[in-house]
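All chains, full assembly: derive it from the sequences and hints.
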Amino acid sequence: MTYANTAEVRAASAPARAGADARPVIAIAGLTKTYASGFPALKKIDLEIRKGEIFALLGPNGAGKTTLISIVCGIVTPSGGTVLVDGHDIIRDYRAARAKIGLVPQELTTDMFETVWATVNFSRRLFGRSPDPTHIERVLRGLSLWEKRKNKIMTLSGGMKRRVLIAKALAHEPEILFLDEPTAGVDVELRRDMWALVRELRAKGVTIILTTHYIDEAEEMADRIGVVHKGELIVVEEKTKLMKQLGKKQLTFHLQEPLASVPPELSGWRLVLKDGGRELEYTFNGSEEETGIPELVRRVGELGIGFKDLETRQSSLEDIFVSLVSDRR
Amino acid sequence: MNSVAKHCIFNGHAIAAIYKFEMARALRTLLQSVVTPVITTSLYFVVFGAAIGPRMSQVGGVQYGAFIVPGLMMLSLLTQSIMNASFGIYFPKFTGTIYEILSAPVSSVEIVIGYVGAAATKSIVLGLVILATAALFVPIQILHPFWMIAFLVLTAAAFSLFGFIIGLWADGFEKLQFIPMLIITPLTFLGGAFYSIDILPPPWRAVSLFNPIVYLISGFRWSFHETSDVSVEISLAMTLVFFFLCLGVVAWIFKTGYRLKN
Ligand SMILES: Nc1ncnc2c1ncn2[C@@H]1O[C@H](COP(=O)(O)OP(=O)(O)OP(=O)(O)O)[C@@H](O)[C@H]1O
Ligand SMILES: [Mg+2]
Chain A
1 MTYANTAEVR
11 AASAPARAGA
21 DARPVIAIAG
31 LTKTYASGFP
41 ALKKIDLEIR
51 KGEIFALLGP
61 NGAGKTTLIS
71 IVCGIVTPSG
81 GTVLVDGHDI
91 IRDYRAARAK
101 IGLVPQELTT
111 DMFETVWATV
121 NFSRRLFGRS
131 PDPTHIERVL
141 RGLSLWEKRK
151 NKIMTLSGGM
161 KRRVLIAKAL
171 AHEPEILFLD
181 EPTAGVDVEL
191 RRDMWALVRE
201 LRAKGVTIIL
211 TTHYIDEAEE
221 MADRIGVVHK
231 GELIVVEEKT
241 KLMKQLGKKQ
251 LTFHLQEPLA
261 SVPPELSGWR
271 LVLKDGGREL
281 EYTFNGSEEE
291 TGIPELVRRV
301 GELGIGFKDL
311 ETRQSSLEDI
321 FVSLVSDRR
Chain B
1001 MNSVAKHCIF
1011 NGHAIAAIYK
1021 FEMARALRTL
1031 LQSVVTPVIT
1041 TSLYFVVFGA
1051 AIGPRMSQVG
1061 GVQYGAFIVP
1071 GLMMLSLLTQ
1081 SIMNASFGIY
1091 FPKFTGTIYE
1101 ILSAPVSSVE
1111 IVIGYVGAAA
1121 TKSIVLGLVI
1131 LATAALFVPI
1141 QILHPFWMIA
1151 FLVLTAAAFS
1161 LFGFIIGLWA
1171 DGFEKLQFIP
1181 MLIITPLTFL
1191 GGAFYSIDIL
1201 PPPWRAVSLF
1211 NPIVYLISGF
1221 RWSFHETSDV
1231 SVEISLAMTL
1241 VFFFLCLGVV
1251 AWIFKTGYRL
1261 KN
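Protein chains in written order, with my numbering: chain A, 1 to 329; chain B, 1001 to 1262.
Since the hints were derived computationally from the structure, they do not count as laboratory data. Glycine residues also receive a C-beta, built at the ideal position from the N, C-alpha and C atoms. Hints may be right or wrong, so weigh each one.
[Said to hold, decoys possible] Derived coverage of chain A by chain B (criterion: at least 3 residues anywhere in the stretch with Cβ under 8 Å from a Cβ of chain B; other residues may be distant):
id: 1; region: 85 to 98
id: 2; region: 102 to 110
id: 3; region: 128 to 139
And the structure:
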């Protein structure tokens, strides 16, 4: 999946990496949204996106991720607050703001009778750029759509349609790309392609904001993560820090004989006894280099503690939400 | 990497893109869009021209067959402008592809020019196809070609705007049909498409003057035959009023985001 030629990537990636750009590329302040139904979908969101970063918005269904994205892109009218895109107000200076943004929506909404080629060229001009067949060809080739360019969109599979939506979003060479659940209902291969594409775009200096339900996806891709819960942004943190704080894992020994207490030889690990001493549980940090597991298993064996089974469990996104929300209350 | 914003004042590319998209939609069904009016017009001439015409002979000094040509054109122009424009904007709302238009750096004026311009173009072409078909049946005279074109374009634009409003307002396909079928078509028939309202008894003639379509047909017919039910200045004024009324409503809709944005 090559989106741009390498020379271009190399040229553009240097400033992007240096990227501690002072001004945020998106500045959201006090943003609220109450839908006509009276439902408060967003409650006072403050968020700054840095130029060139990959930002993942995590949150359960109905948290408000799509609403937030839709406001920045101009599809939903905010109830209050301001959004600046590269310094341009999204309402007063909407042309300059929107010209910088590409959006891949969550739903697969495409025309049916248009060809791939026509629809992608349409997108470019709609965003005020003059036709550029070479760029469109590069985008289509990068997304493995070139062979399908003359096909009507309705004849494509779901995964291909999603690629078409990405191609449309990239047609006008946006500086900021929103991907609303790019990997929902997508097979492993396309998912890998998508990640590769995101990295390539980032190397070109494109800022990327994606939403996802999968914590491993955020872990894999993002520089920073924001967690949205019931219309509030409850955490915004560097990925590595967040994973340290929240990405807990557990290793459970199912013992043959119940233990009365944790043997002192094992005090170097954070161990708890559960289920009346029948389970020995070790909680550790998922992102740690040194988990001490091999050593622990050896010591347990040396101490002659017999176990029937070993089980590991990673804290799910749900657990993280629960812990975040209960921390706040 | 990007040199956006040379076009910060006017996005002509977007207008071209929308216009081209809409015209491509019509070209895909070219046969249907041309054959249908040709057949319908021919049928009208067979029924009205050949069967009834000889008994009517002349209306206001014009042979009946030629007399109904402007009315026939108006009938199609009004309904098709509405249908084209309402469908053009309703469909993206229905499928969700409107997200792209809403997220693009385009103003409401540009969106309207793109959609309404395409819809009006289509119905003007349709009107000319009907005129050409009619010429096969009756000799056509156009005494004021400039005004004929002016009325044609203005009416197509006004009713395409009206259709655009209906498309924005509609929340189901049946609503798209409702106004052209149940309001515009009857009003056109009663508005003197096939007769002069002068032949009606005075009370009905008075009632007819409340039908705005009377003015459109009358002015258009004047540009052909110099015969009219009401004075041509009033016709022109009424057409302009309707045009600006629709323009105002569209402006209001975009300003408030009514049925377009949450
Ligand atoms: N047009 C609307 N009218 C009323 N309520 C809405 C509308 N759109 C969204 N909502 C509500 O706003 C809340 C946030 O919706 P949103 O689509 O932003 O969530 P999300 O985080 O993107 O969820 P998901 O992960 O399921 O995509 C939900 O409770 C939803 O029901
Ligand atoms: Mg969503």
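Checked hints:
Proximity of the region 85 to 98 of chain A to chain B, defined as three or more residues with a beta carbon under 8 Å from a beta carbon of that chain, is established by the 5 residues found. Closer than 8 Å: that is the beta-carbon criterion, and the region 102 to 110 of chain A has 5 residues meeting it against chain B, so the requirement of 3 holds. With a cut-off of 8 Å between beta carbons, the region 128 to 139 of chain A has 3 residues touching chain B; three or more are needed, and the interface restraint holds.
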